[in-house]
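Enquirer: With chain L's structure known, arrange chain A on it following the hints.
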Amino acid sequence: MNNVSKILLYGSLPLMLFYGCGGSEFDEKDRRITGVETQDSSVACVETFYQQNIEFDLSKCVGCHTAGGQAQSTALVFSALTSDNSNANFLTLKNYITATGTKIIQKNDGTVSHAGGALFTDSDITQYSTLINYVNEPSTCIDSSVNVEPVSLSSVRLVSPATTARNAALVTTGEAPSDAELALALTQTGLDNYLDQLMQKDAFYDWLKLRFNDIFLTDRYNRSSDGINLMDSTDFPDRVWYYGTNDNRNMLGESNTTARDIKYNRVRSKTNYGVARAPLELIAHVVREEKNFGEILTADYMMMNPYSSRSFGVNVNGFSLADDDDDELSQFSKDNFRELRIPGIPHAGVLTDPMFLNRFPTTATNRNRHRSTKIQLFFLDTDILGLADRPINSTSDDKSTHNPTSNNPNCTVCHFVMDPIAGALQNWDSRGRYRPMDNGWYPEMMPPGFSLSDRMNASEYPRSMQWLAEKIVADPRFAKASVKLFYKALTGKDALSKPAYGDTYLAASQQAYDFQDKVFEDIKSKFLASNKNAKVIIKELIKSVFFSGRSMTEGLQNEILSNSIGLAHLIEPENLDKKIYNTMGYYWARSYYQDNNSRHYLMNESEYKTLYGGINSNSITKRVSDLNGVMANIQMRMAVEMSCYPVSLDFYRSASTRKLFPLVDKNLEPLDTASIQKIKENIVHLYKQILGETHTSDSAEVERTYQLFYQSYVDGKARVDSGDARDRLNSGCSVQRDPVTNQNLFDADRRDTDLVYYDRAYVIRAWSAVITYMLSDFKFLYENTAE
Amino acid sequence: MFRRDFLKYISVAGAALLLPKMALGATGAPYTGPLWIFVNAGGGWDPTSLCDPKGYAEVLDNQNQLVMEDNPMNKSFRTVDIATSASGSNIKFAPLMESEDDIANNRYAFRTFFDKYGKDLLVINGIDMQTNGHSAGSRYTWSGRLSEGYPSFSALLAGIALPASPMSFITSGGYDFTDGVVAGTRLGNINAIQRISYVNRYSYNANTNVETPFHDQATYDRIMQARDERFTDLYNRQSLRSVKELMLKFKQAHSGSNELKKLIEYLPTDINTHPDRNNAVFAQGRFAMAGYKAGLTVSVNITTGGFDTHGNHDNSHIPRLSGLLKGLDLLQQEAVNQGISDRVVFIVGSDFGRTPRYNNGNGKDHWPITSMMMMGAGITGNRVIGASTPEHDAIKVNPSNLALDANGINITPAHIHKALRRLAGIESEQLITQYYPISGVEDLPIFT
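Top to bottom, those sequences are chains L and A.
Going by the numbering used here, the first sequence opens with residue 276, and the numbers climb by one from there.
Going by the numbering used here, the second sequence opens with residue 4, and the numbers climb by one from there.
In isolation and in its complexed conformation, chain L is listed as follows:
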């Protein structure tokens, strides 16, 4: 990208160029310098020099020379060192130099009195001297920029709308759309309609909550009574409403001890579920109902299910223990969340949810700074920790600075951005309780506000969080942050960071960043035009090159950009668990845990969840996305185990209800043309069912699989006949009892028809080989939206 294009790309800010005889106004009242803008490519050269040589060390100045800093009344006042303010700060410095000449050097080399002291090293003096020369004579600027050609959207080929529809369904719900559904998604309009339908499914929102938990990690409390235990017993005296008053659980209404314990655990679990999941349920609710997405912060309510509403002291339609049962369709189902308010609590969406506040805790000395950091990261696209990536001057006399977080440049670079919002969180204590501070906020800290210059009026203090939420949602950064949140949710990747000078692959990074940013800006515009309907973001991202990209133009060599095109990644354990079930009709779990989601192998931390790269939202918060040898073994183990009992179970079912073998039976041997054809047709079916591939029965791919089946059958049958192999399945791989009634299938009337036990011809085991072959395939275990 040439320098003029760069200016245009970033140029939503007014350009304060001061060149030649352009007019200038010196505002005597506030002693700041303003100017009339003109554009000049040589000035862009100067800005590049500033970015590469001055900007990274500006923190030594910004500490004082910023709104709220000690030098806030001088003629040189910078904005906070966030990436958004890079251009603004350059112009501020440039205009100061234009007005005052070499004063900036004189102030910092000891020539002229400077309250901040002589901060410049010899290297600084050299760089600033160069900058001054360039500012005065831009035409002398030596272009040190990295020339980056912009990439146009036409450089990326997309998959078809129908393929996008299929991939969107698989990624979000784990279930492929039917042929009829796909037939409606052949055009862009059809795709839009299909996505609208997709976003009405419960499974879609299960996925959405899973992905947002990857960001907010509040499921840390969705276990045992962890969420309930965060509730203050004074604020919420009914938090364990199901417990009873005399510790004998009589209120559960069960006389039998075992039944009572079962009911107690069920009710406790559903209550904790309601408490712990409230933030994620709010997000899903706002998206589903197409509300303004800002409501995730401004909502003056919480989401509660009937059970948690009792804990919060807000009963739902007189819900009582008598209404508790396992009917998930009941109005009192644990998944039936609704908007409810706690009297006296100034709700502000997730910001005031105890789960969110405890997940990002504070202490007496931290004073909400951690929360402020997270809130700005999630909702204002501002990475405060990133501000500290600049090397600080460790030899300066830091210890003598009183109140360093307010006065020491090494500290204020972050604290000036962090502390005002920390003050806005003042009414919520370390336990996430609403506790307005009797004596107000700490006087030695930055005044509470949205920024140093945007302070909160004292009249707003009682509703400080709501005030903050309104500010955040109104800020332009919120819309961009929202796009990035959904990008992360959909792809599992963080948005590309703006490259910094010194990055190893600066040109490629810049090109890729610019490309992605342009797409995000476009989506942001549509999002804003829709009154912040989050479904617009989701649909646009799905239709974008980041999800639907198939390939890039030959000759475009940018690995960073290429890696962001399309979505190819290892399926996470939670989604793989669903996919296995949707494909095979059986979960990867012991038989007695089929209905217990948390005990499935890929869902259980004691089994494979953590080993397979999953998180626990507590100590393990980042997924492993690069396959390692342990994970590879888990894949093979799954493929082998799922070829055991689930294969037999499918044969047990009637042909019309089978997922795997609708065209063959357990005894069909490849003895003649007709039977071979049937077997091949079933292989074609398996390719579609398991791998989503369409083949004909005479294709090379089907032939390879058929040979796997056939050779295993021939070899196995021979060994059975010779006595070298058993004539029956392993016990655990057989179906000896009716899965529903538990009837023993060895009974005479069912022995020959329903029993799946003997395998004298080795047919079942040959099919098991095919299933292992397919379930261990790259295309089953990875999502790849480029196909």
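A couple of the hints might just be wrong.
Covered stretches of chain A (chain L as the covering partner; in silico rule of three or more C-beta atoms under 8 Å from a C-beta of chain L) [unchecked claim]:
1. 130-137
2. 164-173
3. 176-183
4. 202-211
5. 217-224
6. 232-245
7. 252-264
Reference excerpt, derived from the structure (chain L facing chain A, CB under 7 Å, subset only) [said to hold, decoys possible]:
8. 837
9. 933
10. 1047
11. 1059
In silico contact screen, one side only, chain L against chain A (beta carbon under 7 Å); selected entries [what the hints assert, rightly or not]:
12. 593
13. 838
14. 882
15. 883
16. 909
17. 915
18. 941
If you are wondering where the hints come from, they were derived from the structure by calculation, not from laboratory data.
Note that the structure is a prediction, hence the values are computed from the model and not measured.
The beta carbon of each residue, even a glycine, is placed where N, CA and C say it ideally should be.
Expert: For chain A alone, coordinates are given in the frame of chain L:
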């Protein structure tokens, strides 16, 4: 052998272009180097309460009684009581966890560790982290680069030595960015690991040593062959570079699947019952030692947290330091028991240091000057490099001889990593020179 399979794919499929970093590391030779154990005290530890000790002075009050000075550096021990290792006269340490109450409660005294290992320890004090940020500090400590982009040193080691092993680089968190050089492995339930080490095992009779498979061996081999053929077809038809890379990593991960059985052979039998199994440093390190003995593991990232003590510093921080030292001691004993103590390297560090003196909450805040401790194969002990002032500012050193020198330089993690690469013998590896050079800093004779 899994390395040969991977190398085959590297050369035949042109994969070197797509996974250049892994290709550069795939030498194919068995790993004969040491086990590298990196222990991260997450949150910013306080060296002045450990290996760069600074206590409090006593002064006379107006009643002529000796009392703690106002605003002391540390409140838990006197400067005059700063101890010297019984086995390493150059090693000074904070004499903590030695009170009657500590002894009665069987807490691990700092003296126990330093007396035992003083002769082996290299302490580097006065390290200038140039940051007070957690992310930047952690990254700088463990990669040698302040800004983003470089993999952790532990990942680099594993990526160069054993990229195709199923568990070359074990990580429990901390800074474990790999940049695709190697895949990091997490550890979990031993029973689960045992099950997946034998993927095709249906049952096993220990009495008769008879294993019953799911698929008979001939069928299983046939499945594997069919998978290989299909993989090659799919790979050759794939047009997106990013997907081809994923496919290669998939192939590489599967090439080592049989090797996991060796881990089971070397796991200590008391892995689930050892009385100290809850010491995170010890537990994670034991697993890595088993992996190393099995020829699978090169490095491990061990993280133990809770050191970011902005409040109530002494009561929170010092016990954690004690637990960390105990874990190191246990691990070193384990290494002796396993017969590999001469082939283990310990590197211990943190995000940064903590402020001298205390804040209003009796805590300590972030401070850019910190220390590291190291011991093991190739490291000469009983040495302290670098120093800090009584106010815990870094003291400059002469880059030629590391003597304290006001006209010298501050030691930074970049210097340390440059030296570590030389210690590991990887400084000239193409992976390093081409992708992750450390330039613009002096070569300090830290390990020579």
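Enquirer: Hints first: check each against the structure and report whether it holds.
Expert: Hint by hint, here is what the structure shows:
Under the rule that three or more residues need a Cβ within less than 8 Å of chain L, the assignment of the region 130-137 of chain A holds, with 7 such residues. Closer than 8 Å: that is the beta-carbon criterion, and the region 164-173 of chain A has 3 residues meeting it against chain L, so the requirement of 3 holds. Here the region 176-183 of chain A counts 3 residues with a CB under 8 Å from a CB of chain L, which clears the bar of 3, and the coverage holds. Under a criterion of three residues with beta carbons nearer than 8 Å to beta carbons of chain L, the stated coverage of the region 202-211 of chain A is upheld, 4 such residues being counted.
Coverage of a stretch by a chain is defined here by at least three residues with a beta carbon nearer than 8 Å to that chain's beta carbons; for the region 217-224 of chain A and chain L the count is 5, and the condition holds. For the region 232-245 of chain A, the proposed coverage by chain L is satisfied: 9 residues have a C-beta within less than 8 Å of a C-beta in that chain, meeting the threshold of three. With 8 residues having a beta carbon nearer than 8 Å to a beta carbon of chain L, the region 252-264 of chain A meets the requirement of three or more and the stated coverage holds. Annotation: interface hint on residue 837 of chain L holds; nearest CB of chain A at approximately 5 Å, less than 7 Å.
Given the 7 Å rule on beta carbons, the hint for residue 933 of chain L is violated: about 21 Å separates it from the nearest Cβ of chain A. About 5 Å separates the beta-carbon of residue 1047 of chain L from the nearest beta-carbon of chain A, less than 7 Å, and the hint is met. At a threshold of 7 Å, the smallest CB-CB gap from residue 1059 of chain L to chain A is about 6 Å, leaving the interface hint in force. Taking 7 Å as the C-beta cut-off, the interface hint given for residue 593 of chain L is violated, the closest approach to chain A being about 45 Å.
Here the hint on residue 838 of chain L is kept, as its CB sits about 5 Å from the closest CB of chain A, short of 7 Å. Residue-level restraint check for residue 882 of chain L holds (minimum Cβ-Cβ distance to chain A is 5 Å; threshold 7 Å). Nearest Cβ of chain A to the Cβ of residue 883 of chain L: about 6 Å, under the 7 Å cut. The hint holds. Annotation: residue 909 of chain L was flagged as interfacial toward chain A, and the flag holds, the nearest CB pair being 5 Å apart, inside 7 Å.
Annotation: interface hint on residue 915 of chain L holds; nearest CB of chain A at approximately 5 Å, less than 7 Å. Look at residue 941 of chain L: its Cβ only gets to about 17 Å from chain A, farther than 7 Å, so that hint breaks.
The structure does not agree with the numbered hints 9, 12, 18 stated previously, though it agrees with the rest.
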